[in-house]
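Enquirer: Next come the chains, spelled out residue by residue.
Protein chains: 2
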Amino acid sequence: MYPVETCNHSLSHILAAAVLRVLPDVKLGIGPAIENGFYYDFLPTKENPLKESLFPKIEKEMRSILKKGGAFTRTEKTIAEATGFFETAGQPFKAELIRELAEKGNQTVSFYASGDFTDLCQGPHVDKIEDLRTMAFTLDRIAGAYWQGSEKNPMLQRIYALSFPSKEALDTYVANREEAARRDHRVIGAEMKLFASLDAIGRGLPCLLPRGATLRRTLERFVVDEELRRGYQHVYTADLGRKELYVTSGHWGHYQESMYPVMQLGDDEIVLRPMSCPHHFTLYNSEPRSYRDLPMRFGEIVSQFRREQSGELTGLIRMMMFHLADGHIVCTPEQVESEFVGAVELVQYIMGRLGIAETISYRASLHDPDDKANKYEDNPEMWASSEAQLIGVLDRLGLQYKKAVGEAAFYGPKLDVQQKNAMGKEETIFTIQIDFVLPERFDMKYVGEDGKEHRPVAIHRSSIGCLERTMAFLIEHYAGMFPTWLAPVQVMVMSITDESIPYAKGLVDSLKKAGIRVEADLRNEKIGKKVREARLQRIPYLATVGKKEAESGSVSVRNRDTQAEATIPFETFQKNIVAENETYALKLGAEQAG
Amino acid sequence: MYPVETCNHSLSHILAAAVLRVLPDVKLGIGPAIENGFYYDFLPTKENPLKESLFPKIEKEMRSILKKGGAFTRTEKTIAEATGFFETAGQPFKAELIRELAEKGNQTVSFYASGDFTDLCQGPHVDKIEDLRTMAFTLDRIAGAYWQGSEKNPMLQRIYALSFPSKEALDTYVANREEAARRDHRVIGAEMKLFASLDAIGRGLPCLLPRGATLRRTLERFVVDEELRRGYQHVYTADLGRKELYVTSGHWGHYQESMYPVMQLGDDEIVLRPMSCPHHFTLYNSEPRSYRDLPMRFGEIVSQFRREQSGELTGLIRMMMFHLADGHIVCTPEQVESEFVGAVELVQYIMGRLGIAETISYRASLHDPDDKANKYEDNPEMWASSEAQLIGVLDRLGLQYKKAVGEAAFYGPKLDVQQKNAMGKEETIFTIQIDFVLPERFDMKYVGEDGKEHRPVAIHRSSIGCLERTMAFLIEHYAGMFPTWLAPVQVMVMSITDESIPYAKGLVDSLKKAGIRVEADLRNEKIGKKVREARLQRIPYLATVGKKEAESGSVSVRNRDTQAEATIPFETFQKNIVAENETYALKLGAEQAG
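Heads up: the protein sequence lines correspond to chains A and B, in order. Anchor point for the first sequence: position 448 equals 1705 in the working numbering, and the numbering is continuous, going up by one each time. Anchor point for the second sequence: position 124 equals 1381 in the working numbering, and the numbering is continuous, going up by one each time.
Keep in mind that the hints were calculated from the coordinates and are not lab data. Fair warning: there could be bad hints in the mix.
You can't tell identical chains apart in this list, so a pair holds if it fits in one copy or across any two.
Unchecked claim - With a straight-line cut-off of 25 Å between C-alpha atoms, the simulated PhoX-like cross-links for lysine-lysine are:
#1 Lys1804 <-> Lys1786
#2 Lys1450 <-> Lys1702
#3 Lys1832 <-> Lys1769
#4 Lys1832 <-> Lys1770
Next up, chain A with everything else stripped away, as it sits in the complex (with noise of 0.2 Å):
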């Protein structure tokens, strides 16, 4: 048995042999394996392209090289014979790398070769083409790929492939693909109309439709109201800022490269905010403050404007601004330690009520020592303190986590919450920061106990992270299938016939009264039509009405998620959505009699 890797390698010559019997004039680059399979580039003529609909001739001719088989020979050539033998055969990129390698001090090169096709190769391979012929293999996709990864170099054709070990491995891939893309929250956000990114508006500057933002406001509520019981203090500043504020903060100087550029506005030099410590900062400053007033809890739903790469923006996850469910803890020493823990169970709780605990990972941001682009703090003795009582702290609270070094923020380490996108990508949904370094900046003082001045410790942290990005995490984890608390529109009422028009308006205006986000679908169309286009919509219940319900005061109700229908009392049904609201309810079950 070879490892995958070397089956995917070997599988990568294979398609470059293909790709030169199908389109003989190809230049040829390279051909890794990746995680799930392999790709190889090439750059064909203008008359000759490489195109997708090629994908089933190319991928007869590599069956059919797979069913003559033969071995895969290994030859070592000086630098002047591999040279020649690439010039002889017209392949310029195979000839720069051979270039590349004798100037780093090469003296021969390997060669493989396979049936007719010989390639620059470290290896290894399998040692027989039939070898791979238990692979399962598929063309994906074709992609743009600049030669060596740079930009002055031309842009070659990238072939894709998906290949693993069996048939079985291979659908169970392309399936969770399929689903993961199902579940893309671009895809089920334009469904739903949750959100659009208009470009005539701005790159990475989506807009909340209605019902985005009825989503977003119920997060925003539900995350103020909660952070207010727990004693945090919400605040609002501006979206502006002096340059100076983050001079003193250190932004400017590690930071620079995410900002806005500064605008100058009579005398002042502002600029629109990246993060909003130095705001709370300064509000804390603004009056003298004892030990009595500590911890102050500094809560607000901030907008924060990052320049991004424009290839970067990514819906609701990337953006040119979005809004943080922000805030800073300003403590003594003394009690960084709870309000470090308070802050955490202040997360635990919000992933608890949005359905997400289960499918997050902890991470320990770290900072680099050996960083040399100038990301962090010059200062190896709070290094060194600030991360050990971030451990100690998750440690105590024993909590799962890995460390990741190079991931801290630049004034001092944290925790970061993960959780993966549909796409499998990483992302860091909440964090939680501890920091000595900005208290010293700003000068932050409190008169302690002993009538002396003292430094106080700031902790950075979001509670429900930011609501966009929240929000897309939410999108896909449910597929856009939310619990009723979080659903934008929860009900949908819908008359079977014209007579029960009044009725169901009734029951609409008694849903809304209630605080019950519903919809009416009181067209003159038949309710199968009426029922199919709702379920696209994904809505929690469709209420059905008429004329038995009227008479006996009822609803016919359909469950989105169990697909279960029954007839209960529409006060009983008013009252099990109530419920499922004030209890922040997962599952769907306000159709059943209570």
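Please arrange chain B on chain A, whose structure you already have, making use of the hints.
Expert: Frame of chain A, contents of chain B only:
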């Protein structure tokens, strides 16, 4: 009887004469009558500055001149005579005025003499100095004022005097003004810790402190929920947009001086939005629309960014950024009137809830056909029809309004709801605008019942206005004594003895669960001190609890407004406050047994 302006203008001459006696070196500017009094401008020497501490001395000289009496005598002089007079007297500003009159073609100018003081003056004046003896006046303050109002000229010192026909009138005015100063939202805002203007963050970028933030959040949730109830679709769009959006809308052409500078982000020119209509119209255009979709009512709490002169910045009234309860209705031409009426009704409903319906006035803001400053869309036909439509609706509604030429938006006429702030300055608090221009510029369409494309009409409207500015008006209107539903803290629970602390804590928990904003003062302090401190915070209800209350399950409640004290069952007290919140009660009364 002379007109009061004549008396005040005559008194300004007496003031100038008195100042010359006290500071013989001053150069004289001008001295007109103004509302509530008069002023006179002076340029003192550096050695002998004009200070408010000289007021008693100056007033004494004025009274001595009045006591002496004598005629106000008018004489006519040639330009040469007049210039000679003031050059001899060493009064360059007067000489400059005469030169200007000569340039305008005057052959002679008039002088008025009173006692030993002679001034260039058009009059009219009282006949005799004695006639001024019944006037009640007082020197008020000194302020800097550029000669002829131009920054290029020297800065003179202006003495303002208050002056009325009777002592009663003067006293009333002074008392009213003191009351207004006491109500100034900046003063109360600081006393109640509602907001802070922190120069370190930026000028015109005030922070809402926890209690001010609670007021804003209360207003925001109130208006959003009410708009949703009225069929608005709330959305969230970005604070930023492409410059092209504002080129299309016409803001770039008509409104650029109020906009922030454009930022170059990669290839994109991005600007902070001064208004949100382009965003909502782009959203409208993002899907095909039919007459069945109309009216569409977009609502949003929008961050807006306006450049203001730093001298204009005022507390929560003029800021560099603010939050507007903004909305844009897109409708068919046939729906304009009913949608306009709906917008007026919403504003009236909100004013009723806020308790300010009696304090506002309506203004029909029309364009100025003679405007030379490119302030308005050049489309006389549009203006004629849209202004006729506005006036027609207002008349049919039976609103009392005044017309204001030159106050329209650049794209259309508007109804402004005007409110005077504590200092008597009128500001627009809510506005509703009819717009035929932007639907054209954004090429907005809908498919009509006839299957053809039509152009919709837009209505721009605010409901509760700019949240910060509305807060400022409410603070001044109520002098911080908000109705319960708006009060940042509704109840302060105070323990009389330490034994009553557990009972007090129980009440706090119960009130919190009922959604009531409550704080507790459980310090070991005399109850008298606690009550005095809490009163300063203008909290509607002070609830004191001791042994007696704990045993009987009651509270002793002090009503902020009536000063009444009563002991009632706690359950009743809580129920009454919940009712005040639910009914948006404007008057306190929760301490009355129900």
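Enquirer: Each hint needs a verdict: does it hold in this structure or not?
Expert: Outcome of the hint check:
Taking the shortest alpha-carbon separations for Lys1804 and Lys1786, only the intra-copy value of 19 Å comes in at or below 25 Å, while the best inter-copy value is 67 Å. Taking CA atoms no more than 25 Å apart as the test, Lys1450 paired with Lys1702 passes between copies only; the shortest distance there is 20 Å, against 49 Å inside one copy. Taking CA atoms no more than 25 Å apart as the test, Lys1832 paired with Lys1769 passes in both settings, with 12 Å inside one copy and 23 Å between copies. In this assembly of identical chains, the alpha carbons of Lys1832 and Lys1770 lie at most 25 Å apart whether taken from the same copy (12 Å) or from different copies (20 Å).
Violated hints: none; the structure is consistent with every hint.
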